[in-house]
Amino acid sequence: MTAQVASFSLYRVGAMVLRHWYLLRSSWPRLLELVYWPAVQMFMWGFLQLGVGKLPGALAGTVSTFLAAFLLWDILFRGQIGYSISFLEEMWSRNMPNLMISPLRPTEFVIALTIMSVVRLSIGLIPVTILAIVFFGFNFWSLGLALAAFFANLLMTSWAVGMFCSGLVMRHGLGAESLAWSLMFFFLPLTCVYYPVSVLPEWVQPISWALPPTAVFEGMRALVIDHAFRADLMLWALGLNVLWLAAGAVSFLWLLRGAKTSGSLIQIGE
Amino acid sequence: MTAAIQAEKLAKHYGDSIAVDGISFAVAAGSITGLLGGNGAGKTTTIGMTMGLVSPTGGRVSVFGADMAREPYKVLHRINLESPYVDLPHRLTVRQNLNVFGMLYGVADLRGQIERLAADLDLIEFLDRPAGKLSAGQKTRVALAKALVNDPDLLVLDEPTASLDPDTADWIRGHLERYRARRNAAILLASHNMAEVERLCDRVLMMKRGQIVDDGSPPQLLSRYGRQNLEEVFLDVARDRRKAKEPAS
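Protein chains in written order, with the working numbering: chain A, 1 to 270; chain B, 1 to 249.
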């Protein structure tokens, strides 16, 4: 009855994407939540930008980056949350052992979660970018090709962190769930979302530059304020992201092995 | 012929606590083997290691010749599990759940397989209902349908009739007997229902404190302990109140 089992199968990836699509489709509160918080924050930063932008001097120029910074931060945060929530849904529904005893490979699982993070992010972010045009005249999409570079780099970071957080929850159970929600905020001050890296104390700056999103946010400011696309920053972020993704994948597999050693996969429902 | 399950000196320790203590057993293809023991006897950990969910501390367990700690993906498409400690996604309908798991197992003619399972397990009327809105008996039947979606050669069942009314439980047992006969599948059954074990199992492994303390067919165990039913045998073993008249072969 079963087909020959391949070591990698897009069909199994598709099965997992379908599983989460069924879930999203069946739950309007889940869909609403995807748009709700980004919309609330976009309005907050949009009005702040409008208010401060009326002040004279250099500050007005700086705040023009607030909306772009917020929207890029939201890609980073929602990308990771979208990844982690799809994983947590398996834990909440006590379905993880069913998946782990199926032919689904960890690689396929991770790819399915990655696809779902893009799906969830798109559902949340696209309407909010349209609202930003309507209410504040800010066209996020006008960033053009640079936006694609920002988007790709931020998503890669979000997946790396998502993999790590999912591994932690698998290894330590739902007690570690709060980390999935809060870990990204650890990077908020260090990645200099709303201010340049030069603001940080000198000894913190190397740490900041080791975080891929820092280069993206610096690149965004260069684009919005100086109208210059900094390809060097994007390449730096890309290089770091390759390392981060590798670290995320290794940590996920290592924590999965730890879960099998500690028996936490059979204690999920108990 | 390769055994469905072959465990050799299989052990699992959690720190100082010994969950499974170097057990060896084999489950033949086409047989139904019962795994009996009180709470904490090591049944769930043994099942976890058999399914590749738990890594052994020592020894090995292989399924159809594949070491489950090292190469589980060689055989995972041929086995399946039903357990009350595992659920299906509640918001997905029964049909959606079976569709997803059928895809994961690479089931050919999945639509036809879902229709057959729905007919066999009497699921037709709630195929399009969310799994979380079913009664306990209906959920058990759906979980069994998921466990049978790939027509497994090894079916592992942990308390398959727990919390079911006698009629539904009897109906499930009948279905399992027919499935074994039709597919010549091996079934490993952990249960606290002694009547169920007596009816279904060709062989029973009695576990206590992580060890297999007795092993035989239900009639052999009854004769060995001089008892009328397996419940009395279970109590003898659990309470150390009577030793077997003759040792297990």
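Don't read these hints as lab results, they were simulated from the structure.
Wrong hints could be hidden among the right ones.
Restricting the straight-line Cα-Cα distance to at most 20 Å, the calculated cross-link-like pairs of lysine to any residue (SDA-like) are [as the list claims (entries may be wrong)]:
no.	chain 1	residue 1	chain 2	residue 2
1	B	139	A	10
2	B	74	A	10
3	B	74	A	253
Which stretches of chain B does chain A cover? Using the computed rule of at least three CB atoms under 8 Å from a CB of chain A, they are [to be verified]:
no.	stretch
4	21-35
5	185-192
6	219-232
Quick caveat: nothing in here was measured; it's all calculated off a predicted structure.
Ideal placement from N, C-alpha and C gives every residue a C-beta, glycine not left out.
Verification of the hints:
1. Among the hinted pairs, residue 139 of chain B with residue 10 of chain A is inconsistent with the structure: their alpha-carbon atoms are about 30 Å apart, more than 20 Å.
2. Our distance criterion of 20 Å between C-alpha atoms is met by residue 74 of chain B and residue 10 of chain A, whose separation comes to about 18 Å.
3. The suggested pairing of residue 74 of chain B with residue 253 of chain A holds, with an alpha-carbon distance near 19 Å, which does not exceed 20 Å.
4. Counting residues of the stretch 21-35 of chain B whose CB lies closer than 8 Å to any CB of chain A gives 0, so the stated coverage by that chain is violated, three being the minimum.
5. Note: the stretch 185-192 of chain B has 0 residues with beta-carbon separation from chain A under 8 Å; the three-residue rule is not met and the coverage is violated.
6. Counting residues of the stretch 219-232 of chain B whose CB lies closer than 8 Å to any CB of chain A gives 0, which falls below the minimum of 3, so the coverage claim is violated.
Comparing the model with each earlier hint shows violations of hints 1, 4, 5 and 6; every other hint is respected.
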